[in-house]
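K.L.:
Sequence:
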Amino acid sequence: MEADTAQLSMLITRGIESGHFVTVDAASTALRIMALIDGLSIQAATRAQIDYSTVVDLVAGTIQSELGLAPGELTG
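Counting in our numbering, the sequence shown runs from 793 upward without gaps.
Don't read these hints as lab results, they were simulated from the structure. Incorrect hints may have been included.
[What the hints assert, rightly or not] Ranges between beta-carbon positions, derived for each pair:
| hint | residue 1 | residue 2 | range |
| --- | --- | --- | --- |
| 1 | Ile834 | Ala798 | 17 to 23 Å |
| 2 | Ala840 | Ala798 | 23 to 29 Å |
| 3 | Arg806 | Gln841 | 33 to 39 Å |
| 4 | Ile834 | Gly811 | 32 to 38 Å |
| 5 | Gly811 | Arg839 | 27 to 33 Å |
For glycine and all other residues, C-beta sits at the position ideal for the given N, C-alpha and C.
Construct all of the structure, not just a fragment, from the sequences and the given hints.
P.N.:
And the structure:
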């Protein structure tokens, strides 16, 4: 997970530098996003049913909020 989080942090940093993302701390943002995804993967593995459209909405909404993007900007 550390490599994934570091790679995501690097991508977020590039997005900040290019003016696409508005966030203060790329490393913390990456960690929160990865923690959400990890937690949801455990939910998917241990629950009999999971509504994946709800999961997509939750992940996209959280990422948009973390990066300062407008609602729907990730999903179109």
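K.L.:
Can the suggested window of 17 to 23 Å be confirmed for the beta-carbon pair isoleucine 834 and alanine 798?
P.N.:
holds, 21 Å
K.L.:
Note whether the CB distance of arginine 806 and glutamine 841 lies within 33 to 39 Å or breaks it.
P.N.:
The hinted range 33 to 39 Å holds for arginine 806 and glutamine 841, with Cβ atoms some 37 Å apart.
K.L.:
Indicate whether the distance between the beta carbons of alanine 840 and alanine 798 respects the range 23 to 29 Å.
P.N.:
violated, 34 Å
K.L.:
Measuring from beta carbon to beta carbon, are isoleucine 834 and glycine 811 in 32 to 38 Å?
P.N.:
holds, 35 Å
K.L.:
Does the Cβ-Cβ separation between glycine 811 and arginine 839 fall within 27 to 33 Å?
P.N.:
violated, 39 Å
Violated hints for the displayed structure, listed by number in ascending order: 2, 5.
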